[in-house]
Amino acid sequence: MFKQLIRRSSIALFVITIVASCVGDLDREPFTEVTSATVYKDFGNYKHILAKLYAGLSMTGQQGPAGNRDVQGIDEGFSSYLRQYYQLQVLSTDEAVIGWNDGTIADLHYMNWTPSNEFITAMYSRIFYQIALCNEFIRETTDGKLSERGIGGSNLDEAKEFRAEARFLRALSYSHAMDLFGNVPFVTEADGIGSFTPEQISRADLFSYIETELKALETEMKAPNSNEYGRADVAAVWCLLAKNYLNAEVYTGQAKYSEAITYSSKVIAAGYSLQPVYEHLFLADNNNSPEIIFPVTFDGIRSKTFGGMTYLIHAPVGGTMNPSLFGINGGWGGIRSTKNFVGLFPDPNGSQDKRGTFYTDGQKLEIDEIPTFSNGYPLIKYKNITSTGAHGSDAAGDYPDTDFPMFRLADMYLIYAEAVVRGGAGGDMGTALGYVNDLRTRAYGNTNGNINTGQMNLDFMLAERGRELSVECGRRTDLIRFGKYTGSNYLWPWKGKTLEGSAVEDFRTLYPIPSTDITANPNLQQNPGY
Amino acid sequence: MRLKLLHSPYLFAILTLFLCQVAFAQNKTVTGRVTDSSDGSAMVGVSVSSSDGRLGTITDIDGKYSLVAPQAMNSLVFSYTGYVEQVVDISNQSSVNISLKQGNAYLDEVVVIGYGTVKKSDLTGAVTAVSEKDFNKGTLVSPQQMIAGKVAGVQIISSGGQPGGGGRIRIRQGSSLNASNDPLIVIDGVPVDNGKISGAGNPLSLINPNDIESFNILKDASAAAIYGSRASNGVILITTKRGSNGGKLQVDLNTTQSIAQPGSKVDVLSADEFRTVVNREGTATQIALLGNSNTDWQDEIYQAARTSDINLSLTGGIKGLPYRLSLATMDQDGILRTDNLQRNSIGLNLSPKFLNKSLSVDVNFKGSQSNSHFAPQGAIGNAVFFDPTQPKLSGSDTLGGYFEYLDPATGTPNTLAPKNPLSQLAQYNDESEVIRSIGNVQLDYKLPWVSGLRANLNLGYDYVHGSGKKILPRTLAEQFYNKGTTTEYDQKKNNKLLEFYLRYDFNLGSRSDLNVTAGYSYQDWIREEPSFATFRGIDTIAKGNDFKTQNTLVSFFGRLNYTFDSKYLLTATVRRDGSSRFSPDNRWGTFPSVALAWRIGQENFLRNSNVISDLKLRVGYGITGQQDIGTDYPYLARFTPGDSSSTYLFGSDYYTTLRPEGYDLNIKWEETATANAGLDFGFFKNRVYGSIDIYQKKTKDLLAVIPVPIGSNLTNRLLTNVGNIENNGLEISLGSQIVRSKDFSWNANFNITFNNSEITNLTKVVDKNAIGVEVGEIAGGVGNLIQIHTVGYNPFAFFVFQQVYDTNGKPIEGVYVDRNKDGVVNDQDRYRYKTPDAQVYLGFNSQFDYKNWTLGFSTRANFGNYLYNNFNGANAAYASFGFNNYLGNMPSNVLETQFEQYQLKSDYYIENASFFRMDYISLGYNFGRVFNDKIGVRLSFTVQNVFVLTKYTGIDPEIAGGIDRSFYPNPRVFSLGANLSF
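The listed protein sequences derive, respectively, from chains X and G. Counting from 1179, one number per residue, gives the positions in the first sequence under this note's numbering. Counting from 507, one number per residue, gives the positions in the second sequence under this note's numbering.
Chain X extracted, bound-state conformation:
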């Protein structure tokens, strides 16, 4: 009896011990990843998180060139911020067509996209991915949280700079959202993570929010040219303000050309100078450029992607073009310009205006068929070659070193000039003409292309922006500001899905809110017309 009792109770004890210890095993923690609870305790991690915020503009995931992606629901290469920004800003205009058979990509140039277009969805997702990551960082680096975690001294100062830059990056992405989509969901660091449905903000209110943020940042960001390469400083803030003010009438109905002059002037006075040779702005060593104010950086070994500059350089190379002249191992045979765009330049060979150098061998000007590469002239601009002719760092020739100039001085010159032409206060025509002729002198290599005040009208300004800032992701915004994007007063081949070009409804100055988000978020109202 006693023996039995011992046996039974020892078995029971054995069982209880095992069960109790094992239920505790359900609290498993990751091995390779760090949890939020610990990551912000170590200031050493902060800069790496900040690096992700910048990298979000350039790469697509945690493995280069692809793998462990940030944005889902689309091919990873397509999910690149810069690649989609290019596609929505450039492919829907006279600047370029692309010949591929990728989903609804042709609809961008046809201008008949719908709310389920995956490229529009990808851009929208990428913009808000960027905003959500910035919000998270800003939320975790409030003064309160920093002091809670005992971060002080120079670390504290640096953390505040990081935070300001995160706010700038958020304002940049919100500006893109405002420009492309208009009325969008609005989330800030005040919102948490989880199951809530963001409210929609009107385009005009978003404009004010961004304006307030950027003005607040003027005192928090580092002085022009004083930050590390790749990181934004206050000049980038001014650039963004200037660009937004230039387009304020489109965004809010209220013109702000004087403010555009104020802020472009601030940048112009900040110590940047024009790159002496135009072509060098877009080469593998453009990180040395005195003109670029805020770059999105790439590297052939350490910052690889199938989007970004890899796409911008490979996609317009095809036909009989020699890829090694572009510092790459092969072209992707996709992008060519329409004849309207070629026509902005005096000739297609860049023999006068070097900004307009197109490849014409085996190509024809007319684009009878979009898929056929030999239809249309590819523009020669971005290359993975240094100003001294050396190839980029990737010996295989896949991934370029070339950085993308998100903001550069020439843009500020043209903003200043256009704002003056449009009647903004605080500037003068003479200075404006000087800026324009500086650019044209650089382009021609002499003063043959210089203009006079009488020639500097609005039509000229649009064309000059097209020439100077070609395929730098601004064409759509410019055409809209000049009223030439939709409607029928400016047509180019395949606009409206016809060979000669045809009218497009005005509501297409805004892209639709993707149908996935209309479904997921009942607070959202679709943009009119869709």
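Honestly, I wouldn't trust all of these hints.
[To be verified] Residues of chain G placed beyond 12 Å of chain X at every Cβ, according to the derived structure:
| hint | residue |
| --- | --- |
| 1 | S597 |
| 2 | K626 |
| 3 | S799 |
| 4 | Q997 |
| 5 | R1087 |
| 6 | T1163 |
| 7 | P1166 |
| 8 | S1242 |
| 9 | W1252 |
| 10 | G1286 |
| 11 | F1389 |
[What the hints assert, rightly or not] Covered stretches of chain X (in silico footprint by chain G; criterion: 3 or more residues with CB under 8 Å from a CB of chain G, positions within the stretch not fixed):
| hint | segment |
| --- | --- |
| 12 | 1508–1514 |
| 13 | 1547–1553 |
| 14 | 1598–1604 |
Just so you know, the hints here were simulated from the structure itself, not pulled from any lab data. The beta-carbon is built from N, C-alpha and C at its ideal position, and this holds for glycine as well.
Starting from the known structure of chain X, arrange chain G on it as the hints suggest.
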């Protein structure tokens, strides 16, 4: 190398010589008569056999039999469907007369269920057992191939013809969208990891099918719910062969030697047809690219491939220690040149009993080592696409001597052009080694102080180590710019199991029986994948972050079986599972089930029926769960570091990035409620038997990846609980012994399944206009999707444009129906058209036995399944020769459509893939005991993949997932099998 010798064709010869040397021994003749115990009448066609089934005969019209048996044989088994099987000792007698009692012999079979066994007659759930005699025949290198087509409600779709290839198993369709739809597989009590294994194409191919004795498939919730959170997709219990109690050593040698012949090819233009088309349609530049050769690239990449499979098993018992040891070696070539798999495996089972047989011990050990040389499967697509007018070799030494397309401007390989598939096959060096071991020790103890109480402890493990290296030389065209690449990988999986349960059987008086089981289970999975540097000719890419992950499942379970009067049965189970994948608040899930069965056949009014010999009605309901979501920490806020190729430049330093991950704090169990009603029946002394089951599965809190309200999380798509899916079906299985006589018998089995799945909700907020979630990436362009999950439709429905045809029925290029009638045709005019899942599928198999001959075959048919013919969609347009400096071949379909550009999303390419196919036909001859009774010899000849009847125009109508893009063709296989027993 030593093992390689075993697979040589000389094996048979050597063995035969060896066998001839074996000494002769004594025989005896046993005779007798078999009668029916109810009326003493002679029974015809009763099977009289040795206990191992190797030797046997059938009674004649007078019920008489005569059998020559080895002197040492000491028992005979008498069996007849519908009668109680009898085993008779013949050690001291040469004349044995037997009278068989009518009974439900097959109903007395013991069926393995989760945590125990039950008599088949006492089953209350939908459970199907498949044992060795019903297994498919031929060259079977992976377990799932053994039961394809045999069970209603179970679909096994071949994953293609690669060595070790298996198939996707679905029990009653999937019940999930993004969580796993694979059933739980339990081998000898150890739930095994069915996830992807690095270095092995098919995780189950590491298990030697020859060691398997039976499969028990738990289909409905009342049967499977004891496995709780992992049972939503059904459970397959695999039992391996074991030793016999007190038996003599028996040695069995089974070999199968086979040749696989490449089957169908994609129908592409021949070199001459291609030349004609390019000359007619192409530009001068394109015509100039044509070559003068005639190369059928598909013929070049495939080969006749051999497989050799040799199994040796030793079975017996030493002083009450039954054992079985098996050793096997398998060597399989793929029909794609250079593909090869070699597997060596060992299995050991010991099942001794101690303490007056009150303690049963069951020890299982299975180990396998497999070595693969993988042929690059990209060569399949390249062979379809490669220009047939080009030669195989270039005549120069560069690029390994192979012809490749070069960029005319640089003279170096064209990066966009397809690469010569023969170069890839010859030069890829992609090898892996995988070691897997599954084992357990199970102790079952009849506790001496309470009668009827047993304790069972099961300790098990499943260990996998896969590693491999891929060396791509610089002479490969695709490696030209990298100057060669070497990559490595390594994966270890370490899964542990501890289970303990108590079972109490007791009698509540004369007519009621009750048994109760209660237990506890702990299982832990660890997966480690270290990272390796990539070595390229031009540089070295530093290794990334090592990966390691773990999850743990703790469970409590219980079952109650109550039987009243042997007629009324009740089973109730409950399982409570805790998973480390969910937050403490959502961690625990409870999964109950209840089932009732009524053995109508035992009622007085049917007991003496001559027609109905058995009838049982079953109804059950239960809830099962799902947490197999591929990620282990979905509820935790965490950061992932980037690798060395995704750093970002600040100043002059490149910073590793740290990315916050999206997460769902509230993620929890997906739950499936299943209702099942079934009827088991047997007619005419069970000469005809079968089951009908009807079921409904409703899954809620579906674990699905859906778009989040943008901005609300750190991701645009999140794995979360959303939506519902519904699954309805009807399964009928019928079996019959149609003819049964002394020399001839004929058995046939038929099963048919009707199934329909529908997504009933897929959003957090109901939105009638929601189009759904697009899925199903296809070849052609980049990132094109062809399928969609939408509320009100089947999962994975095709989402396409409706093609417009001209009066001759020819599709008009680029012209589609404006389905929403808004005047423009754009992506909003796509519609949901058909589904990849068969609405009806059936299996029919039959076996004829004539004297010593056996002829068997198995056929299957699917109806209502559609495939996207991606080969045509992505290649059948004249644009294929419009690329930059190279020409691509096209499927012959282009001659019908005359399409200039690809029309990827036209419903023209969604084809009806209903089919009827013969999986195998097999002829066997049993020589009985030869060489003076020393050796039992059976030979068989089998042809697998005999024929397929289908309207589908691609190479195979049966492709899991519904997209035919780069399918490894299933070959036709001719096998010669020999079984020798000593």
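To see whether the hints hold, each was checked on the structure:
1. S597: The assertion about G/S597 holds, with a minimum of 42 Å to chain X.
2. K626: 32 Å, holds
3. S799: Answer for G/S799: holds, closest chain X Cβ roughly 24 Å.
4. Q997: 14 Å, holds
5. R1087: 8 Å, violated
6. T1163: The assertion about G/T1163 is violated, with a minimum of 4 Å to chain X.
7. P1166: 5 Å, violated
8. S1242: At roughly 49 Å from the nearest Cβ of chain X, G/S1242 sits farther out than 12 Å, so the non-interface label holds.
9. W1252: 54 Å, holds
10. G1286: 6 Å, violated
11. F1389: 7 Å, violated
12. 1508–1514: n = 4 at 8 Å, threshold three: holds.
13. 1547–1553: holds (count 3)
14. 1598–1604: violated (count 0)
Comparing the model with each numbered hint stated earlier shows that hints 5, 6, 7, 10, 11, 14 do not hold.
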